[in-house]
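Given the sequences, and given the hints that come with them, work out the whole structure.
Everything in the sequence shown is counted per my numbering, starting at 177 for the first residue and increasing by one.
Because the hints were derived from the structure by calculation, they are not lab data.
Have a look at the derived ranges for each label pair, beta carbon to beta carbon:
(1) E312 / G224: 43 to 51 Å
(2) A260 / N327: 16 to 24 Å
(3) T225 / D295: 20 to 28 Å
(4) M276 / G203: 39 to 47 Å
(5) V341 / N293: 30 to 38 Å
(6) P311 / D223: 44 to 52 Å
Bear in mind that the values here come from a model prediction, so they are computed numbers and not experimental data. Where is the CB? At the ideal position from N, CA and C, for every residue including glycine.
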Amino acid sequence: MQLNLFPGGATRHLHGTPLLFQSAVHGTMHFVGGENSALRAWSIAADGTSTYLAGSNEIASPQSPRPPGGMPGWSITLAANNGADGIIVAMVPYQDSNMMLSFGRFLVYDAQNFATNPDGSKRLQVIWDSENWGPEHAFRHPKFNRPIVWNGRIYRPTYDGRIDVYGLTS
177 MQLNLFPGGA
187 TRHLHGTPLL
197 FQSAVHGTMH
207 FVGGENSALR
217 AWSIAADGTS
227 TYLAGSNEIA
237 SPQSPRPPGG
247 MPGWSITLAA
257 NNGADGIIVA
267 MVPYQDSNMM
277 LSFGRFLVYD
287 AQNFATNPDG
297 SKRLQVIWDS
307 ENWGPEHAFR
317 HPKFNRPIVW
327 NGRIYRPTYD
337 GRIDVYGLTS
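Have a look at this one:
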């Protein structure tokens, strides 16, 4: 028996806090994203059993120069409207934030409406991606920090000496 197994040649440790969401569509949901992995969504039945629902196409530390991959994985938070709808706000490093200051990617996902992949599996849908909005959204990934959603705004900490604030314009 081999105990130290690295699926896909990369570590999959979980450094971030998982999220729970009471969805009007899927019931109790659980979200988790480990290092070198996709963000994943599961439903949790009343008896405690879990069913895999969907995963993201995006992964943490995709450019990590040091196998077996990078750290720390996903930093996620949730904003919801009494289960009627919800978003997952996420940050991931491009490289290994344990060994260097890495640039990060900032993503927002629909928490309960999934897309379908060509193979029939479900995919978390990206609502907003910092990669699509130019260099003004570049930031150094703040290892072990989480974005915060409060009063209609998203607060994203950085290692650049600032906190970026996102929200709808009035």
